[in-house]
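Keeping their order, the protein sequence lines are chains A and B.
Residues in the first sequence are numbered consecutively from 1, following my numbering.
Residues in the second sequence are numbered consecutively from 1001, following my numbering.
None of these hints come from the bench; they were simulated from the model.
One or more hints might be untrue.
As a list, the in silico DSS-like pairs of lysine-lysine whose alpha-carbon atoms are at most 25 Å apart [stated by the list, open to error]:
#1 B:K1216 / B:K1406
#2 B:K1158 / A:K29
#3 A:K27 / B:K1216
#4 B:K1062 / B:K1129
#5 B:K1666 / B:K1649
#6 A:K27 / B:K1717
#7 B:K1666 / B:K1592
#8 B:K1045 / B:K1004
#9 B:K1313 / B:K1380
#10 B:K1305 / B:K1062
#11 A:K29 / B:K1380
#12 B:K1301 / B:K1313
#13 B:K1158 / A:K27
#14 B:K1666 / B:K1406
#15 B:K1129 / B:K1032
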Amino acid sequence: MDVLIYLIPIALLMGLISLAAFVWALKNKQFEDLDGAASRILFDDEETTTSKKEDN
Amino acid sequence: MSSKVCQHCGEPIPAHFKNDSFCCHGCAHAYKLLNEMGLGSYYEKRTFDDHIRPLIPEEAPKIDYSAYTEGEDNIRTLHFMVDGLHCAACVWVIEHILERQPGVTYARLNMTTRRLTVKWDQTKTTPEKFTQTVFELGYRLIPYNPEELKRKDTAEEKSLLICMAVAGFAAANVMLFSVSIWSGSDMGDATKTFMHWLSALIALPAIAFSGRPFFKAAKTALKQRRLTMEVPISLAIILAALLSVYQTIQGAAHAYYDSAIMLLFFLLIGRYLDKRMQTRALDSAENLLTLQASFATIKNKNGSKRIPIKSLKAGDILIVAKGEQIAADGVVTNGYSSTDNSMITGESLPQQVIQGTAVVGGCINLEGVLEVRVTAVGDKTVLAELSRLVETSMQAKNKYVHIADKASRIYAPAVHLLALGTFLFWFFYPNTSGETAVIYAIAVLIVTCPCALALAVPSAQVAASSYLLKQGVILKSGSALERLKDIDTVVFDKTGTLTEGNFKLITDDANSEDLRIAASLAVCSSHPLAYSLVQAVNPQTKAAPNVKEIPGKGLQTTILNHTVKLGSRDFCGIADSEHTNHSELWLKAGDKEPVCFLFEDVLRAEATQAVQQFQEMGFDTILLSGDHSSAVQAVAQKVGIKTFFAHQKPQDKQGFLKHLQEQGHKTLMIGDGLNDTPSLATAHVGMTLASAADLTRVHADIILQNNHLLAAPLATKFASHVHHIIKMNFAFSIAYNSIAVPVAMAGYITPLLAAVFMSTSSLTVMLNSLRLAITKQGR
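Working from the sequences, and respecting the hints, build out all of it.
Take a look at the structure:
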């Protein structure tokens, strides 16, 4: 059962990290625009300044 | 109809138009602009949403942005509401076109809230410049002040979400230890106690942090000597935590950390959903309000400028363009026109106004440009008078008791009595210690688990409102659906609600040659009657040459040396013959006999069906209108309403509804005019259309987004369905409790059993509610 000495802190730490990540994301306004975020990933990159690019 | 559609706005191109690709110069310009900027791929990505206003390229209005601008340095910030957003490509194109303007440093458009934030360098560009390009594409930007929209709700929603996350984290981790304890039957006592202490280490701070929303509410309730749902909840959580600490110290076999934290987690989910629904409803309502934001053009030394209506003063000279709403009460100082007063009085016929006529804010100017000297602003206007009528009714409405509150009024005392009874029974039972009695009593408190009860209403409401939102029904007040299920009488307004509020040609005996000539003149005017005439004859009519518009009178031209006139009775020189209740246009071509065209406000396509559906559901239907009796009677007969009243002033309508309520009827009022606003507030449920005036929408409980009347019976049917689901949810949670409570009272409950009861009952309730969100249309 000695392994618990490592396992419990590891489990707790992992949980805490994800909690911290969530709070960070919330404070960082990551949840403000869920519809937009879903589509934004499909937007083209900034560089396509000319209309010649039609790469499919 | 031509099958060609405009490459920019997607609307059909009129057949007589020579261009094959675009419907107007604005669209052609927008197309060119986007391709020049390398944003042409927009056209491949986008999809149109029929519910949204089509793209109409236009000039940016001259708005004084300084009142909305934030920031002290050169970098300034403005917030806009965006109208005409169809899909993600719109977001993309607006952001890119703004960011490519010199001087704009930041542009971010939130697709969910349809709000845009722009930052720019003051020395390099102006808001007038960068908004112009967006308007040229056909979107409209309306500035708003975020401070005015910022509510404490949003902050509260966020803090609830954090509480929920913390509780969820703690619940998961404590459960990890609990499962080990439950399954590790060969676990030594020392290990078990160690696990309990670890659980305490996680659960206690988490409870202290995440429980605050409940503890605070319970404290306030107790101070006011009331018993709300929060009291037994807080008591159960705190006692469970304290009992667990005590048992851990004693080295006992069981501890309730998992129950306490899980209870809290489920309750927070319910609380969060509740709040989320409220904010979402408010958000959509606010968007609607800001979109029709209230600007007025006033005359000043340098010509004119647009200012927010709020900053109007008495004595200002308003310039009211054709088709615009008059912003405040006043007197016409210049111009000749007619006004559409249907919003204020319910009358469908336009009223002539000349210099010196008093006009009421909220009326629409139909013809020439009017100059109006503002005589009253703020609370002295006719509108403000209506608002006062509204307020008193709203106060009465706020007293409505939610079904959840009703449940908690029974629930809270019942739980306390059960716990007390358990304690007394075991305290006096031979051979049991007082300690055991306390433990059993607490177990009862924990296991009565109000989480299913707390989830019963919000989970159903959230599922229902998201379904209804997709159907174009915005629920503005949390209790709207609950109230909607009680109604037995439906009261309709006429103008703009059952009818479209537009005119349609009803003369069918006119000679087609006359009609053709009339249309060729009418196409040059944007007067609503002229527009309907053209639509009725041939939307692609070519204009006659040299047509002159004489504001307030009519149109005139010369065809083959004959003067042709189209317009009012006087204009065409017709002697005062019999008057009808219809709006009319006269055509006088040369020496020929004058021809009269009659127009009527037509019924909405789905009006009859909507009324019928209500009647089939067994509701009384009544029509109340401010219009003339013959017009009201005609509409009532067409839609099949037997009871109708004409010449109803706003006060009369409100009085009528009050009278109905006193007789014990529960009314649903559907109306869109400002004159309906007091009655909307008085009725058990007030429903309005998206095209209604601001004030009307503010005080309605439900807004039908696409002016689609059939959504009204749909929502009403759905309301009783939702109520059914909520009752089922209550039944589920009561059923679980009726098993769990006797077990707890007998002293057989263990933390494992408590956890099983709690999560199964909550899950059942949630899943049951989710059925609402996936309901098929037409239920």
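To see whether the hints hold, each was checked on the structure:
Proximity of B:K1216 to B:K1406 is assessed by CA-CA distance (about 21 Å); at most 25 Å being required, the pair is judged to hold. For the hint linking B:K1158 to A:K29, the alpha-carbon distance of about 10 Å falls within 25 Å, and the restraint holds. At most 25 Å may separate the alpha-carbon atoms for a hinted pair to count; A:K27 and B:K1216 meet this at roughly 23 Å. Restraint check for B:K1062 and B:K1129: satisfied, since their Cα atoms lie roughly 11 Å apart, inside the 25 Å limit.
Distance hint between B:K1666 and B:K1649 is fulfilled; the C-alpha atoms sit about 21 Å from each other, no more than 25 Å. Annotation: proposed proximity of A:K27 to B:K1717 is violated, straight-line Cα distance about 41 Å (limit 25 Å). As the CA atoms of B:K1666 and B:K1592 are separated by approximately 58 Å, the hinted pair breaks the 25 Å bound. Between B:K1045 and B:K1004, the direct Cα distance comes to roughly 20 Å. Compliance with the 25 Å bound is thereby established for this hinted pair.
Straight-line distance between C-alpha atoms of B:K1313 and B:K1380 comes to about 12 Å, which keeps the hinted pair within the 25 Å bound. About 7 Å separates the Cα atoms of B:K1305 and B:K1062, which keeps this hinted pair within 25 Å; it holds. Distance hint between A:K29 and B:K1380 is unfulfilled; the C-alpha atoms sit about 43 Å from each other, more than 25 Å. Between B:K1301 and B:K1313, the direct Cα distance comes to roughly 16 Å. Compliance with the 25 Å bound is thereby established for this hinted pair.
Proposed proximity of B:K1158 and A:K27 is supported: the alpha carbons are some 9 Å apart, at most 25 Å. Simply put, B:K1666 and B:K1406 have alpha-carbon atoms about 19 Å apart, close enough for the 25 Å limit, and the pair holds. The straight-line distance between the Cα atoms of B:K1129 and B:K1032 is roughly 18 Å, inside the 25 Å bound, and the hint therefore holds.
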